[in-house]
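> Starting from the structure of chain A, add chains B and C where the hints point.
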Amino acid sequence: MALWGMVIDLDKCTACQACLIACKSENNVPFVGKQQADRGRIISWLEIISETEGEYPEVRTRFIPRPCLHCDNPPCVKVCPVYATYRNPEGIVAQIWERCIGCRFCMAACPYAAKYFNWHQYRIPESMEKGFNPDVYVRRWGVVEKCTFCSHRLLRARDRAAAEKREMRADEYVPACVEVCPSKAMYFGDLNDPDSVVSVLGRSPRAFHLLEDLGTEPKVTYLMEGERHALL
Amino acid sequence: MRISRRHFLKMFMGAVAGLSAGCTDFEKISTGWRSSEKWGNPLEEWIPSICQQCIGGCGLLVRVIEGRAVKVVGNPLHPVNRGGICPKGLAGIQSLYDPDRIQTPLKRAGERGEGKWQPISWEEATAIVVERLRGLKEKRLTNSLVIIAGQFQDLREPLLHRFTDAYGTPNYIRNRCFTPNEVSKAHFLMQGVTSPLGYDLMNAGLILSFGCSLLEAWISPVFQLRTFGHIRQERPGNRGRIYVVDPRFSVSASKADQWIPIRPGTDAALALGMAYVIIQEGIYDRKFVERNTFGFEDWTDGEGKSHVGFKTLILNEYKPFTVSSITGVPVEDIFSLARAFVNRRPAIALGEKGLSYRPNDIYTRMAIHSLNGLSGSLGSKGCLTVQSDVPLTAWPGTEQEESVRFGNSQPRIDGAGQGKYVLATDAMENLPGNILAGRPYPVEVLFLFHTDPLFSHPKRDTFIKAFEKIPFIVSFSPFLDETSHHADLILPDHTFLERWQGSPVRHSSGFSLFSLGRPAVEPVHSTRDSADFLIEVARRLGGGMAKAFPWKNSEDLLVQTTKGLYHSREGYVVSLPEEEAFRQFLEKAGYRIQETRSFEIFWDSLSAKGAWWSPAGSSAEVRKLIRTPSGKFEFYSNTLKNQMKRAADEVGGMERLLADLGLRARGDRLYLPHYDAVEAQQTAESIFTLNTYRLMSMSGVTAAQPWLQETLAPHVAESWENWVEINSERARNLGIRDGDRVWIESRKGKIRLKARILPTVAPSLVHIPFGQGHRAYGRWARGRGSNPNDVIMTLEDTLKGFGILSGTQVKITKA
Amino acid sequence: MKVGLISSMIEGKRHWLLLAGIILFVLIVVFFFTTVMGRGVKQPIQFNHKTHKEQGVECSTCHQYVREQTFAGSPKIEVCWECHEEPITESREETKIQQYAKENREIPWVPLYRMPKHVFFTHRRHVAVAGIQCETCHGKVGEMVKPPAKQLKTLSMSACMDCHRDTGADNDCLACHN
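Protein sequences, first through last, are from chains A, B and C.
For the first sequence, position 157 (counting from the first letter as 1) is numbered 157 according to the numbering used here, and the numbering increases by one without interruption.
For the second sequence, position 7 (counting from the first letter as 1) is numbered 7 according to the numbering used here, and the numbering increases by one without interruption.
For the third sequence, position 75 (counting from the first letter as 1) is numbered 75 according to the numbering used here, and the numbering increases by one without interruption.
Some clues are possibly wrong.
Stated by the list, open to error - With a straight-line cut-off of 27 angstroms between C-alpha atoms, the simulated DSS-like cross-links for lysine-lysine are:
1. A:Lys130 with B:Lys609
2. A:Lys34 with B:Lys814
3. A:Lys130 with C:Lys117
No lab work stands behind these hints: they were computed from the structure.
The model shown is predicted, which means the values in this text are computed figures rather than measured ones.
Extracted from the complex, chain A is given alone in its bound form (with noise of 0.2 angstroms):
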């Protein structure tokens, strides 16, 4: 069985944004409008996180986007009081909309602050429906919503294989975000095969963990700026 990871390399990383769009395109997420958004409500399942340190002219500024890190001991699963959240057996850990009774406790445990709430049902004008994405449900109001690695294309992946009697390939299985990575930072596979680009790249020196100390374990492993190494 799969063990689906992501890898981001920073080095390449331009902090452009394309992911965060075709993420909202893909997984119709709603946007909220100014009020809402004033409030800190904007519903983005993966963001830029910057840092900035120094003072001018030597400063310098980090950018880090930030999915749902998918980690193999998900705080967030271990507070929801309906399984609504849960670590599913190849690694995606899930969030069923129609099971969230919407208590936001799994918000409160996540140390990346990768859940959002829907505090409205967002209403968007009806022209702009016909450009949602019929693979995916439209969470309502009152249900906390995150990424979800994109597994309704693993689902698409798997069923197109299955139909053509045959094993699915890892490379059929892509999130939006990484689909449309213009300088190609991102990558997706199987962390359970040593030979699959994310593990390769898992291995190298400049890996590293968003807070690793807090024993969460993420399958999103992060590749620090700086020289290439030769494991690659």
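Just chains B and C, lined up with the frame of chain A:
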């Protein structure tokens, strides 16, 4: 407790009513996503298209299900973006389905700008336009038709140009700060080339960008982002270096290996200071400089007059200490930059910034480009390269009647190409003033095409007054933007996902490329492809016009035009990288696979895959890159000398011309790269220099796309409005805290914005991003933030004919 | 006694409000059950599944995507047209086909089975790969002379899960939920 029967029934009924009401509500919510009702047979298609959210020319694939476009991704086969795409491209779908699109042709019903419109039919609209144009033709006033076109790269550009040409008016005016499909002025003046050059960034060892926002909004953003990833970690050999010279700590600067903050407008001095180090240390490419350049050493002309060479000028005037005091860049940085530029060859200096660096920035551009000459960055891998022409079928020639020739021979209304605008291809700055003055003649009809000068141009007020003078204004905008509000007739165009597109696009690399886009969906409203409209109008006008537009419609135009690609026997319809590698291998060995047996098959393949390209064009020899009369790379530009002489004759003497241009240099320096001191800036506690910039995701056009409004920038978490970036210490002195509202005031006007206090901002500057502050343009864009154009003083870069959008002195006060 | 109670209510005029309430209540319940709960589906053509099946027409002839796509697909007019271009029966329903074809539009079939939007269901995997018969989920539609107004079998999550468990198919939430 005793419950009476009546109570019980009441309670029960209430509960039932509540329950049923609840259920109805439930039903409503679950079907709230109305469109999903119709996904009965969701057979999907992927249709190739071209992104028109900026001029980058990325290939798209549109996922279409039951006639709806539900997702846009990059076309994996397209040579510009190879499957990548930027946030603007992804949000194109929101422009297609925007509820505020204009749905039918509109005729003005009230006063100009009052906002009262009467929907009319396309037939009526066409008749109105044809009648107007015919009337002008009869009166021999064809030159009083003006077309203002904005920033786009498409076959529509030559089509519009042809329209003006065949009708008989010289007034095809582009409103844009960026001219990627024209040759860079520095390349023209120093190398004599007349079509745009490419940069082989993918193979460069060092990219030194002078203010070009390489990773945000330069020529072809996705191509540059792909290049960035490639040179950093993908290609074999050294990890490429990117150095960014910019007054602002942009995203490009923060991702670069080194950021060199510089005093605005002094880029020329820095480039020449680097040249000093390179010459002084003798590390320039001697072979190249000796063989292929002109004007490096002192020289004597045919008449025995001696001239100052580039070397002498630099060694005398641009000593690192002098340069450091001008630019604010530390001396050791000038040395290390210069050495890196030579040591990390192949190196490219990019001086093709969109906005002007400063007044008469042609010298800045030449100064930056002279670095490429010094390091011999021409004619080899990782250097400047030729972008070969796309072998499209030439359009049938136009036979011009006498009246058309008469119209075309009139001077341009904006004065571009004449007098002090000698080097400008368009002079938007001069346009409104000339229209107001009726100079050299009054304008009768104005077409506005993919442009919104009342939003995007600092001279908004003058433009409004000038438009009052024009009897008939037609807008082709799909949205009711600021300028369309002042039109008499609006003929809404399709958005790019609804129409045929053909684009011999320029990107920042060398290969020649033609992209083809099919309509992904049926038109959502009763709009019409403007190309179709122009063809129709030309047909109805008859005569030479009809002959110049022999096509049935835009699809026919594309079919006829791409025949040239098929017959050229070069290039390919794009395919998977492995296939292409194999083909290139065969080609090197001298074989060529004839792919298709007929044009029909070629056309089908092209419209299924979305692009044709000729990768062979990417490496070029020196002689192809240098087309000056002397056959040399000219540090001393004879072309500039000739152009200025011609202009001097037009305005009545060289001194007069130099005074008009505000140039202080005299003699040989006028034709050499040099730096003229910037006027001293005011200093006061609350005075700052305004620097404007463009974000990756937000432009004036994309402001109507809500996803982008909530994803404005990675470096500040702002949404639905713009902001002003202020240095931490200076803000503290003014008592301004992060998030406060402040007034930004210039001599022209004032705007109110949210202050963002950032440690990355230089103390003397404030930065405001463009794109927000629309007064119209639909519900998502209107009234979001303020438009920095309202405070930008109309300084003009005369040689370029476009306003300078940075450098205005502003006063900041807490609101 | 109850009859007595009601009649006494009717007799006593002060109970007229209560009576109106009861009638309203009944109406609401009827309305609720007819519209929200058990709204029948009326198809544009009274299609006879049985006759077609007897003529040897397979389910997949008309529901043509059932083995290739996630959805089965409602019959397209070309498919009808292949046999019914010339009238071959005397049915009044058949003339409707001619009418739709003349107007050049598809027959507006009303979907009877609709998966909730948070569920991903794929016909091809169940039919083409697993070889499950149509009747297993859809009941004996093939024996009906009129199109069913209601689902013959109610599809519930537990039914899905039972079958998945029995056949050893994946029962993980993400195997079906989007």
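> Taking the hints in turn, state whether each one holds.
Outcome of the hint check:
With a C-alpha separation of about 25 angstroms, the suggested pair Lys130 of chain A and Lys609 of chain B falls inside the 27 angstroms cut-off, and the hint holds. Taking the CA atoms of Lys34 of chain A and Lys814 of chain B, the gap is about 23 angstroms. The hint holds against a cut of 27 angstroms. Proposed proximity of Lys130 of chain A and Lys117 of chain C is supported: the alpha carbons are some 16 angstroms apart, at most 27 angstroms.
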